[in-house]
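Top to bottom, those sequences are chains A and B. The number in the working numbering is simply the position in the first sequence, starting from 1, with 48 added. The number in the working numbering is simply the position in the second sequence, starting from 1, with 3 added.
Just to be clear, a hint being listed does not mean it is correct.
Partial chain A-side listing against chain B, Cβ under 10 Å, derived [said to hold, decoys possible]:
1) A290
2) V308
3) P473
4) L482
5) P484
6) T546
7) A549
8) A552
Quick list of in silico lysine to any residue cross-link-like pairs, SDA-like style, CA-CA up to 20 Å [stated by the list, open to error]:
9) B:K41 / B:N52
10) A:K339 / B:A314
11) B:K331 / A:P291
12) B:K331 / A:R295
13) B:K15 / A:R295
14) A:K339 / B:T321
15) B:K331 / A:Y422
16) A:K293 / B:G336
17) B:K248 / B:T263
18) B:K331 / A:K454
19) B:K138 / A:L524
20) A:K249 / B:N337
21) A:K454 / A:R295
22) B:K16 / A:H519
Pair ranges (Cβ atoms, derived) [claimed, not checked]:
23) A:T406 / B:G47: 31 to 39 Å
24) B:G111 / A:T406: 19 to 27 Å
25) A:E545 / B:T149: 41 to 49 Å
26) A:G553 / B:G47: 40 to 48 Å
27) B:G47 / A:G516: 14 to 22 Å
28) B:R326 / A:T491: 21 to 29 Å
Source of the hints: derived by calculation from the structure; they are not laboratory data. This structure is a prediction, so every number in the text was calculated from the model and none was measured. For each residue, glycine too, the CB sits at the ideal point set by N, CA and C.
Chain by chain, the residues run as shown.
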Amino acid sequence: MTSEVHAAEAPSAGRSIAEIERVVIRFVGDSGDGMQLTGSEFSRALGRSGHFFVTHPDYPSEISAPTGTLFGVSGFQIQLGSDAVLTSGDAPDMMLVMNPAALKTNLGDAKRHATLIVNSGAFTQGNLDKAGYVSNPLEDGSLDGYHLYKIDISGLTAAALANTGLSGREAERCKNYFALGLMLCLYEQSPETVIAEIRTKFGRKKPQLAEANIIALKAGHGYAEASELFVSHYHVRKSQVAPGKYRIVTGNQATAMGCVAASELSGVPLFLGSYPITPATDILHELSGLKHFAVTTFQAEDEIAGICSAIGAAYGGVLGLTTTSGPGMALKTEALGLAVMLEIPLVIINVQRGGPSTGLPTKVEQSDLLQAVYGRNGECPIPVIAAASPADCFDTALEAFRIATKYMTPVIMLSDGGIANAAEPWRIPDVASLAPLPVKFRTDPEGYQPYARDEHLARAWVRPGTPGMEHRVGGLEKDFLTGNISHVPANHQRMVETRAAKVAGIVKDIPPCQPQGPASGDLLIVSWGGTYGAIAQAQEELVAAGHAVAHLHLRHLNPLPADLGDVLRRYKTVLVPEMNLGQLARLLREQCLIDVVSLGKVQGKPFKVSEIFARAVELCGK
Amino acid sequence: MNASIEIKPLTKKDFASDQDVRWCPGCGDYVLLSQLQKLLPTLGVPRENFAFISGIGCSSRFPYYMETYGMHSIHGRAPAIASGLKLARPELSVWVVTGDGDALAIGGNHFIHAMRRNIGLKIVLLNNRIYGLTKGQASPTTEIGTKTKTTPLGNLDRPFSAASVALGAGATFVARVVGSDQPMMAAVLRRAAMHPGTAFVEVLQNCLIFNDGTFEPLTDRSVRDEHRLVLEHGKPLVFGNQRDKGLRLKGMEPEIVSITPGQEKGLIVHDEHARNAGLAFMLSQLETPAFPTAVGVLRDIEAPAGEALYAEQAADITELRGRGNLQKLLASGNPWIIE
Chain A
49 MTSEVHAAEA PSAGRSIAEI ERVVIRFVGD SGDGMQLTGS EFSRALGRSG
99 HFFVTHPDYP SEISAPTGTL FGVSGFQIQL GSDAVLTSGD APDMMLVMNP
149 AALKTNLGDA KRHATLIVNS GAFTQGNLDK AGYVSNPLED GSLDGYHLYK
199 IDISGLTAAA LANTGLSGRE AERCKNYFAL GLMLCLYEQS PETVIAEIRT
249 KFGRKKPQLA EANIIALKAG HGYAEASELF VSHYHVRKSQ VAPGKYRIVT
299 GNQATAMGCV AASELSGVPL FLGSYPITPA TDILHELSGL KHFAVTTFQA
349 EDEIAGICSA IGAAYGGVLG LTTTSGPGMA LKTEALGLAV MLEIPLVIIN
399 VQRGGPSTGL PTKVEQSDLL QAVYGRNGEC PIPVIAAASP ADCFDTALEA
449 FRIATKYMTP VIMLSDGGIA NAAEPWRIPD VASLAPLPVK FRTDPEGYQP
499 YARDEHLARA WVRPGTPGME HRVGGLEKDF LTGNISHVPA NHQRMVETRA
549 AKVAGIVKDI PPCQPQGPAS GDLLIVSWGG TYGAIAQAQE ELVAAGHAVA
599 HLHLRHLNPL PADLGDVLRR YKTVLVPEMN LGQLARLLRE QCLIDVVSLG
649 KVQGKPFKVS EIFARAVELC GK
Chain B
4 MNASIEIKPL TKKDFASDQD VRWCPGCGDY VLLSQLQKLL PTLGVPRENF
54 AFISGIGCSS RFPYYMETYG MHSIHGRAPA IASGLKLARP ELSVWVVTGD
104 GDALAIGGNH FIHAMRRNIG LKIVLLNNRI YGLTKGQASP TTEIGTKTKT
154 TPLGNLDRPF SAASVALGAG ATFVARVVGS DQPMMAAVLR RAAMHPGTAF
204 VEVLQNCLIF NDGTFEPLTD RSVRDEHRLV LEHGKPLVFG NQRDKGLRLK
254 GMEPEIVSIT PGQEKGLIVH DEHARNAGLA FMLSQLETPA FPTAVGVLRD
304 IEAPAGEALY AEQAADITEL RGRGNLQKLL ASGNPWIIE
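This is chain B alone, in the form it adopts within the complex (with noise of 0.2 Å):
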């Protein structure tokens, strides 16, 4: 008798792992779960070939509760592991999972190599602007004035913006979201997906024990339209509740004009694929409350991935020189024979 074997579509069940997730009730980290085990069983890759790998913090929880391959490794070198096993397999889809702490102080330097060598990686960053899992210090992305435990007297330090340092570094595909903006998270993390090269994500989310309500401009309904400048590619810059307000250059500087609806001419028009990086790097730098905060995806361009240059130059030298030999290998170098 034969067994039929049924090949059933994946589920976003499919991907949820058997461990309990400790994440403090309310945390943004579960949208970004729930996001992500909705979206990967719709991209037509097999369950066994995702790899999430993470850093240390409380974002770095996040493969335990992937039914996928996983690694929680130490602090700040995710993208490092990532891109060895990115080279290594570059049939697997590899997600980094990380926090701000993680990917921009301790792991700064892997962060900014990961962007440069554009390996297909796909970097989720939760912002929330603060180190949890030790318990509320200040990170490298902490507002000015903040008040936390190691800067009880506030924060003298300038935060990074994420997406100016991976900008700065050259990712082929920047974006940056709101987290409780759902529907924006799953569409962005989709195209994130399917990039090829490094795609990194920064997800904005709020922390609820120990900075809460950091990025309220951009969440409460009742003001949020005002702060955030919701990027389309090919669109004018508009917002506000009544999208009244648009965004042109005046020099090299941005500057926030009130514009009729409709009446958009002289406004910065929205380009992710510009070549230059200097358009998206203007809209990474804009902060509330002076400016809204640029949402979506700021930069989007094509490039080689790093796995596939890697290969293409392996195949290449194989083809000129043959493969490789062990035996001529060793004898290479003017041998002598001695009878």
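For reference, chain A alone in the conformation it holds in the complex (with noise of 0.2 Å):
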């Protein structure tokens, strides 16, 4: 969480270098200034020399807002260290500053003495009035304190690209690179592998413009590296890196990659439903560039075909997923329910959103829990999943197929915007070692009962087009054997006790709760989903100030491991931060009878490692 800052001998060239354990550095700019652009090449130049790193994207949900205005700022956070980094990082050690309006929104996140390197260019008078800036904070002295670097970073890069034959206006679209090349000079690392991948990017469509970022890239590198306006460069450790190969991956790409998975493992054709809505979109995009696997995406009319489609294709007998937000998902409720009565495997991701209603489309929120687990009518049960990381949204995803195919059920699978569009390196697994994931289709006429079940409370998937086997299901309630319409009393009831319990068995799968951490103590913390990053790394630091605190993470949210309730139990408090008012503190209450510590944040932002640090510690001072 601190960077520490160990000033170094220094080197050759008369600079000191400051060794540092982890540093968190935002890029903010206009949304019109490619910082995502740009936080994603310099978190994959680091990642490739070996670090570890989470980057959190924050974009507003405009478009393309007017240029210079406050709601206008786009951002990009990562967090760097020599040893594991779980989230992109409390407070920015650095900001590059692109506009007025970017340090205006973004200032107060900032370290008290964090370094600042701003585009003094774009400091006129008219960005200053747009960002409602009454004098200019690079000149009046309000930003003492903090380590300013004003550089005119339009005007140089500008300078860079006079001879190229670029109009004013695209050589200033440039600026980005320019940006990008001095901070990787700042980090030690030469432009030479981005400067390959501008070429492979840009270089056979838009040749003069990948030829005008590689000179604002090595001029950025070049000024970074010759002025003498930096005192010192900075050196993050390496990590104690896995062997292997790795790549960086979105929640949304693993998640993708992770169903694809799911078909390759199974021999089954996977099937995608959706309708475009943010942040989950990303899925259907990288699947749909995926159709020389054995894979369907079908973009549906609106959120209800989206699902509709996919529980076709799943009566059809292949791997039925539709992908959604919030607002979305409660479109699909309707045919959630026909899906827990047809008995079908199918998967559902929600990427969560800030809600109710349209909410805030691109903030983060973890708020839609109690949605999956009981918004049906009707006793309808189906099991929720929930991915902790970016790269943890592969197995989540593959799990969510284990279940659905396992327990013929459809299996909600809750991501977040966090997730889905933080990214972080990922130790690419071997396909090899992945376990199987097999999946039966009955064919056999013989006894054949639609609705008869095998050891898990599971019916057979029978494929249309197997003869012999023809049979109808529906909405309607059914006989418990024979699966036609039932009004009988006490059939319903058995059926509605059956399903329940199809879905409770699959406790017998989840793996004993493993909390990390001492076995008993003061405190428990419990995270689920995209809180477990922020989470894990106060649980170390807690340790590390000499608490007795536990973390432990939940993936299955229903139904919850069988020994839940005695691992809470052996602790004197449980605090359970959640980026919504207390929905698992509800589950837990009413599941485990005990009580726990709500925290609760629906600011559209992460937590705060410190958040959660400061909380523990009034707990365990009690």
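Mind docking these for me? Both chains are given alone in their own frames, and the hints should help you get the complex.
Here's what the structure looks like:
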């Protein structure tokens, strides 16, 4: 959490190298300034050189907000570290600021003595006015106390590109590469791999633009190297990264790959029915580009058709998938009930965002948990699991399909706008090491009853087209065995209880709880979903500070692990931080009959480690 | 000893399930059930390759009575479910049986997009201009002025023409039949079954209980020929007991003219295959009593079926890039090696 700066011996260049364990950097600018690209390229370069990191993009929901305005500010944060980094960091140690609006909206988040590298060229009267600055903060002393570097990034980029024949406007758009070059140099990275990537990215289609960006990148790198401005460059010690092949992965990418993996491992094609919605749409984008696998994507006319087409496909004997976010989840509710009645495998992925209603489309929240567990008419149990981090989305998606096919049930996987768009390095798994995903279709008509069940209470999956097994299914209550319509009172009771018992029975596949830290003590912090990183980090720091605090992360939210109640009781206090007003806390109170302390945050931003740390210390003191 | 395997041709009986049919006695839905049970054994498709998908409403009970695969789903969503099924399993013959409320009110969006995509679904809409299962409320096809439980002072909302909606959404096969006209229903259903792409058949049908007589002008033997315009491809538009009336165009408007039988010059000649849907649309808009109601095939054009396009695109990209390899996919996106 804290960046420890150790001044090291100055190397040959006569400049000091600051050794740091961990650093939080934020890139902020106008949404047209390319901050997301700059941040991603920067992280990729650092990942290549063996660093752990987690990134967090924070962009406005407007596609192209008016330039220079406060609501058009786009940010990208990265935490780099020499040991496992679990979050994108609390407060920036360093901020690259491209215009006054970005300074105004982000300065409050920065550490007290943070380093600010500011594009002074953008601090024109017009931009200052748009940001609501009465006087220029770069001149009026209001930034005293920060390490302020005023660099005319716009002007220097324009000068570097003076002879390229680019218009002023075009040259202006290359300034993010100047900034990237500068940042790479400050963190001791050579520009070469980025140059190679620019060539691959723009080279063929827009060679002139590629060259201009390369010139800007080199100019920025050279500027940081040559200028006397920077007293120190920064060296983040390389991590103890396990050997292997790594890539950067976002939660949505990992989710899409997990779904493809489920199809490849089972040998059953995948069908995605989906309607575009932020922040889930990237999964549809990713899978739409993978039709050379056994993948069909269907951009439906609405959320309802998204899930219904997936139900139709699953009925047809393929892996049915639908992806959405909160408001879309609400629309899919009736069809979820149908899938429960049909008892067919189906995976529903809800990439949660701020709610209710349209809420905060691009911001993170975890407030759809109770909707996932309970939000349907009738007694309508559905297993719910949640991903903890971008890379964990891969395993979680795979597990969702394992449960769905083994138990013949819809499964809800919860992700969130934070982990969906956040990125981290991922050690690429060896496909041969992934557990098999066996799927059986019944083809023997002898003695077949559509609702007869196996030892897991799952009915058989029968593909239409199988001779001698023609049968009808539907949303009306059905006979316990034949599946024919039944309004018999005792039969309904039996069916309701059986569906509940089937989902409850998944508990036998859930591994016992394994809290990190002491097996009993003052405090247990329970996390689910995307709060994993901040809580894991906080627990480490709490233990380091001498507190008897453990951390338990829950992937399975319905059913909950069988030994959960026992584990919770081993601690004096249980703290449940959530990006909602206490939804898991309610579930724990209800299902484990134990009181817990809820810490709710609904600000569209993930928890800071310090927020959890502070609340935990208070509770330990009791 | 070798057991000899006797392959019996399928019959109507093979398509009847063991479930009691629970429509009201005399309901027109029985006619469709009987016609489809007669038709399906003749199509050369194995019984197990038929799937019937329905939504909610009287008509949507249909799948329970067919000894095929079937799903009685949720209100209005059958076209979406059927689209997913057909895309996943193009070899199946997928039928949707729906009603005026199911297809045109709650399911209107799925209905029009099914028409747009032209996925090979056979959609049969039983239009009785009323909600039956909920016991008599106005539907999107209820005529203006009709008194129902929700319109006790008379319906104010203008009705849809189901065929017009389908044509407006780009349907490649649109037909309309009167429910009591069994020969025409048999012929039209057969053509729908053979059509690649979405085939839409509207069945005009009586509801004895809640909307009795709504199509009487089209069913009453004494007057029906005055009110039905039976469409035949390549033939002039002639109707009437004595076949003494025809339709011609006056500017952009149709008008009825008296003709001497056999003297059909100047009349509109029906063209099912016209690429432009204008003629079919105009015919779908003719309303009794001002005009005869057009029945038969309004439109039948060739267009690639949606599921074929999906399959072709996947095949093309697979040929270009090779069958996807999971390990390569996981390692895409500029990976690096840590020693």
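Results of checking the hints against the structure:
1. Interface hint status for A290 (chain A): upheld, as the beta-carbon distance to the closest one in chain B is roughly 7 Å, under 10 Å.
2. For V308 (chain A), the interface hint holds, the least distance from its beta-carbon to any beta-carbon of chain B being 6 Å, beneath 10 Å.
3. About 9 Å separates the beta-carbon of P473 (chain A) from the nearest beta-carbon of chain B, less than 10 Å, and the hint is met.
4. For L482 (chain A), the suggested interface contact is upheld, since its CB lies about 9 Å from the closest CB of chain B, less than 10 Å.
5. Hint status for P484 (chain A): violated, given a least beta-carbon distance of 13 Å to chain B, over 10 Å.
6. Contact between T546 (chain A) and chain B, as hinted, is not supported at the beta carbon level, the nearest pair being about 20 Å apart and thus beyond 10 Å.
7. Here the hint on A549 (chain A) is broken, as its CB sits about 24 Å from the closest CB of chain B, past 10 Å.
8. The restraint placing A552 (chain A) at the interface with chain B is violated, with a minimum CB-CB distance near 25 Å, outside the 10 Å limit.
9. Among the hinted pairs, K41 (chain B) with N52 (chain B) is consistent with the structure: their alpha-carbon atoms are about 16 Å apart, no more than 20 Å.
10. For the given pair, K339 (chain A) sits about 10 Å from A314 (chain B) by alpha-carbon distance, which is consistent with the 20 Å threshold.
11. The straight-line distance between the Cα atoms of K331 (chain B) and P291 (chain A) is roughly 19 Å, inside the 20 Å bound, and the hint therefore holds.
12. The straight-line distance between the Cα atoms of K331 (chain B) and R295 (chain A) is roughly 12 Å, inside the 20 Å bound, and the hint therefore holds.
13. A threshold of 20 Å between alpha carbons decides the hint, and for K15 (chain B) with R295 (chain A) the separation of about 60 Å lies outside it, so the pair is violated.
14. Proposed proximity of K339 (chain A) and T321 (chain B) is supported: the alpha carbons are some 7 Å apart, at most 20 Å.
15. Distance hint between K331 (chain B) and Y422 (chain A) is unfulfilled; the C-alpha atoms sit about 39 Å from each other, more than 20 Å.
16. A distance of roughly 12 Å separates the Cα atoms of K293 (chain A) and G336 (chain B); the hinted pair therefore holds under the 20 Å criterion.
17. Between K248 (chain B) and T263 (chain B), the direct Cα distance comes to roughly 8 Å. Compliance with the 20 Å bound is thereby established for this hinted pair.
18. For a cut-off of 20 Å, the pair hint linking K331 (chain B) to K454 (chain A) is broken: about 28 Å separates their Cα positions.
19. The suggested pairing of K138 (chain B) with L524 (chain A) holds, with an alpha-carbon distance near 19 Å, which does not exceed 20 Å.
20. Between K249 (chain A) and N337 (chain B), the direct Cα distance comes to roughly 12 Å. Compliance with the 20 Å bound is thereby established for this hinted pair.
21. For the suggested pair K454 (chain A) and R295 (chain A), the alpha carbons sit about 31 Å apart, so the restraint of at most 20 Å is broken.
22. Between K16 (chain B) and H519 (chain A), the direct Cα distance comes to roughly 16 Å. Compliance with the 20 Å bound is thereby established for this hinted pair.
23. At about 51 Å, the beta-carbon gap between T406 (chain A) and G47 (chain B) misses the expected band of 31 to 39 Å.
24. Checked against the given bound of 19 to 27 Å, the beta carbons of G111 (chain B) and T406 (chain A), roughly 23 Å apart, stay inside it.
25. Here the CB-CB span from E545 (chain A) to T149 (chain B) is close to 46 Å, well matched to the stated 41 to 49 Å.
26. Range check, G553 (chain A) to G47 (chain B): about 45 Å between beta-carbon atoms, so the 40 to 48 Å window is met.
27. At about 19 Å, the CB distance of G47 (chain B) to G516 (chain A) agrees with the hint of 14 to 22 Å.
28. The hinted window of 21 to 29 Å between R326 (chain B) and T491 (chain A) holds, with their beta carbons roughly 26 Å apart.
The structure fails to meet hints 5, 6, 7, 8, 13, 15, 18, 21, 23 from the earlier list, while all remaining hints are met.
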